[in-house]
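Protein chains in written order, with our numbering: chain A, 1 to 706; chain B, 1 to 706.
It is worth saying that the hints were derived from the structure and are not from the lab.
Among the hints, erroneous ones may be present.
Since the list gives no way to pick one copy over another, a pair counts as held whenever it fits inside one copy or between any two copies.
[Stated by the list, open to error] Straight-line C-alpha distance at most 27 Å; calculated BS3-like pairs for lysine-lysine: (1) Lys148 x Lys476; (2) Lys629 x Lys419; (3) Lys29 x Lys387; (4) Lys419 x Lys148; (5) Lys319 x Lys618; (6) Lys618 x Lys653.
As a plain string of letters, each chain reads:
Number of protein chains: 2
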Amino acid sequence: MLDSIFNPKSIGVIGASNTKGKVGYSIMKNLLAFIEHNPNNKLYPINPKYNEILGLKCYKSILDVPEESIDLAIITIPAKYVPKALEECGRKNVKGAIIISAGFSEVGNHNLEEEIKSIGEKYNIKIIGPNCLGIINMYNRLNASFSKEYFAEGNITFISQSGALLTAILDIAPLLNLGFSKIISLGNKVDIQESDLMDYLINDDTTKVVVFYIEGLKDKKFIDSAKRLAKVKPIIVLKGGRSEEGAKAISSHTGSLAGDAQIYNAAFKKGKILVVDTFEELVNLMHVFSTQPIMRGNKIAIITNAGGFGVMAADSCKKYNLTLGDFQPSTREKLKKYLPQTSSISNPLDLIGDADTSRYRHALEIIKEDKNIDGIIVILTPQEMTKPLEVAETIVNIKKDMENKEISKAIVASFVGGKSIKGAKSYLRKNGIPAYISPESGVEVLSRSYRYNIMKIQEDNCEYLWNIKSQLMEIKEKNLDTIKDLLNNPNEYNSKEFLKIHGINVPEKYLVKTPEEAKHYANILGKVVMKISSKHIVHKSDAGCVIVKPDNIEEAFHKIISNGEDYLKRNNIEGNIDGVLIEEYIKGLELIVGGKRDEVFGPVIMVGLGGVFVEVLKDVSFAIHPITKEYALDTLKELKSYRILEGIRGRPKRDINYILDVMIKLGLIMEMYPEIKEIDINPLFVREEGKGGCVGDALIITNNKK
Amino acid sequence: MLDSIFNPKSIGVIGASNTKGKVGYSIMKNLLAFIEHNPNNKLYPINPKYNEILGLKCYKSILDVPEESIDLAIITIPAKYVPKALEECGRKNVKGAIIISAGFSEVGNHNLEEEIKSIGEKYNIKIIGPNCLGIINMYNRLNASFSKEYFAEGNITFISQSGALLTAILDIAPLLNLGFSKIISLGNKVDIQESDLMDYLINDDTTKVVVFYIEGLKDKKFIDSAKRLAKVKPIIVLKGGRSEEGAKAISSHTGSLAGDAQIYNAAFKKGKILVVDTFEELVNLMHVFSTQPIMRGNKIAIITNAGGFGVMAADSCKKYNLTLGDFQPSTREKLKKYLPQTSSISNPLDLIGDADTSRYRHALEIIKEDKNIDGIIVILTPQEMTKPLEVAETIVNIKKDMENKEISKAIVASFVGGKSIKGAKSYLRKNGIPAYISPESGVEVLSRSYRYNIMKIQEDNCEYLWNIKSQLMEIKEKNLDTIKDLLNNPNEYNSKEFLKIHGINVPEKYLVKTPEEAKHYANILGKVVMKISSKHIVHKSDAGCVIVKPDNIEEAFHKIISNGEDYLKRNNIEGNIDGVLIEEYIKGLELIVGGKRDEVFGPVIMVGLGGVFVEVLKDVSFAIHPITKEYALDTLKELKSYRILEGIRGRPKRDINYILDVMIKLGLIMEMYPEIKEIDINPLFVREEGKGGCVGDALIITNNKK
């Protein structure tokens, strides 16, 4: 379907112009080059003001074009005229449209944007934009944008929500010899979303790496498409607008609302996407993924002519979770022959300051064969004997040799210096070797490559998840009426009843109306916790409406009720108190597990250890539903405090499986009951391994009015 | 004193050579240029093998030189001949020597190194090296090194423990227009240390920024000298060898032992030094400090022609503790005149994609006068209307204008792109404007500049510290014998007694030998803790020798003794049990405070919250004695868990002053009692504000044998 956009046989340019400097002129110029390159394809300028544009006959309307249908329409006319033009496109059987015109939701014209959306749907036109720069397909020379002519064939497809970023990337590309398959500016995304493109790119042979600049998403299929694509091609994302100030700047910039950074990160992680923070990181990763094989393992070799820089690279390895591989005995043997006696054959391999080109070559020749090594960093400092350009040529030759022999090792260079290594660095970059100044950058990119490999091979095992789902579905069916009642009045008691029905343990509890009842149940329960039951009092502790292990049950009952009444009065709330909840007193490690509904990504589950961990350290982690068991565990392991769950210093290991179950269930519950906006379990008490746990306090917020 | 090294009137080169490629030849060549530039100065080649070297009369020994004394001797002969040559230097009244020869401690020849050290001391010769590259003084053209001729006058003095790093810096310098005052290779540092150089550089008018590459220090005066120097000039350090692997690589590399990373960081922080992690960061900071005024406040302005990049820079501000300044009303008024209507006058200031050079100029002209702004980041992306070189020229002119008008604002550029901004970026760099690709780098360097300003103006207030010191000195004098006894047998009881004498609260406690005694004191104390008293059992809890709030005192007594005996037997320790310690049971927030003695920096005090914070999160912070009250508080505030001490979510604020006192006292105690190797207070119970605290457990380790 998107082929009509990326490989159109016929193109109409609505708003074509003869006036230099106008967008409609630049685009026509760019497309004439396309027609020259593809003489059988057709180009039709559309503009009622002209009879001819750049030597081509010009039509008053696309309806006048003497063809049955048109593959692609490019629209550059002012926003208010777009609906009519698009309507005509529909009647002309246009398959795809790129709407470059601005003046839609980004300036508040939401209605106009909705209008073109529905016209597109009515006629089944695939639309890119509006408010975009257009697209470029390097392989058929289609520049359907108003960017200057630029073609460099390569394996990167770049998709951007910002024109400026695109321009900057195209500008830096020649220096790094970065080549592209497709360049796509998405604009306001009225129709074609990131997921559509990702689905399309899975089978696009000329694309090996997919890069996004994203400010905000509204694409509900994003994660699923990303997961499918990431199985075969790495995806890299630079996300704009992460801080609050950032978010503000974005909303005035493109009219899209920036999302919560943590949820975006969870979504990217689930989509097996590599996230970068800066433009430089983005460029570095593009370069390494477009030129180097993926790191199959985490073992690297460092070759250097300066001990100190070997040290720095070794330091970085730890930070980035790479390790220095142990050379095979045969490698050591061979290296000994070519290295001076004072050199210790170890990793980092110090070639010593007087290393000449042949010493680098021998070292690389030998190490490239070492099976214990997945990637190589070559460090060079300009010393007396050093010939940087020669060493660069050697590295490039080694790379070619590895390609010929199908040896899959990544290789990057860190040439530390300025004047005397400039030529060598640029030679390396132009010949497919990422080259940096700091050794650390080399370590970082290789670690990212290895990280991608881990994500890529991870398989989802959904059996456990689906088992739980079918249990919960059965429960829902059987208890439809009860559940409806509980969700209609989701106070603490009912919230807990709701969870209990769905198989999440809650304390034994009774809702009592009198001190006598309370005393009766206290006798049954032993140690108890007493608290108010009222959906109008959310922060019960703060209101003085929770008493743990009371000595005198009757006194506690009265105190809770009167504090509750005071609270309602003080805050002018006309609400009712259902009574006092008396529960068995539970012990265990306190966690927080909660769920909220994200507009784009759906149910998001948060987990963290309670108390200071969440309050002081904000140590929480997010997973996006659906949650497999492995994914739940990964999410839990992201917590800095995870080790506590494993039991440290003689403290018991906790029932981690129980936590995973609660996370998985909360996600499913939110899927099954769309009226639930939020669920908070705080605390969730977790007992020792194998002994499960129990909800301490629970709160469900629904959309149900009143 | 160091003037004879940096500004010598007469130089002897011991090991001068006529043979090209030899070090003694390169140095002679370099020094001939010095003599040419300073025709009144004298150069004497020394080598028994020659009568003449490079046209100068050659002497068999420095003793033969027809001068009363010689300012500087440069020694390049093989290591084993160095002592004799140095001895002769001494007899000739040589004031300074640079020993370039290698073959000393770095290859294990510690005795030879000691020998030259004592010769230097005997004759009072200031020595740089051995095993160094030499020094360069740019202003008098003294290149007393075997590096190639290179002179670029500037304001940076670079001191390096690694030759390769020096070479790399000199190589990159021309690209950034970095100029130097002095370049110094320190080698094995047998005499002249970092502190000597820092003291010298305080009054060196041509030095404005001091940069170090350090692998290991043995300089006990380092911190004090750094503090003095940092008051007037920023100091930047790149430290090699931080990880374990790193440390290994270093010890085989230069023979100096890498220190514990955390202690080094504490030392650098105390010395008001800026620490960088990578070569790139180092270069970036050198550039900004050598060209820009110090950031007086943390408020920056961001000017951009691409909204998205403004967003990214704004994001980075949060990360790096800078804020976006609010423009003054007059600034807003003026900006309105020159910006398109669609532009919202806010910070980041979006000049919009079609900004031409004049729009940049107006914005800069106006913002440079805004008193709410301390630094400016100019972001440029190459768009249709953009003329990068013109904008670069504008920025450089604005900088000159600010210098003329004595407006102290730092200005850096982020030109995002490649081909089309290359020339502009290099123009900026050559004209004193740091220029980066990512906006984030600009934010980072400005934040470092601001950070330096904060450190620089911080004054030590030692009164509180000295008051405590004189109290402790008095205590020591009065209790000399008791203290000696306690330190002779520092079991828990005695360790606590020792602390108590020095004014650090300990629980009321009794050492008992029988269950009856125990019961007697338990009656007096109420709730108690019972534990073994034996200096042979260090981890008492693990050995089952601590019982908290026992129900049955007699049982507890027997259990502790028998577990203790079992422990000794099991571990084949022939040690004795002093009895059982019975103490009042103390409550409070648990902290850990400890002291250890670092070989270079002296007493180091560690502080952290107990339990999971130290065990799981390794959340500890270090201060180096002497510790002022403000410094102690700064150290405490570095803890991620600091907020807990301030009281969160209704929990009480803790007695922070009490913690500071304990930190300060432990530092002083370790100074006053050199026989103490380590003190550990774990836990230190800290009560609510104003209520002090109490030692829970204490252990002192001394050097005293048996």
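*Identify every previously stated hint that the structure contradicts and give their numbers, smallest first.*
1, 2
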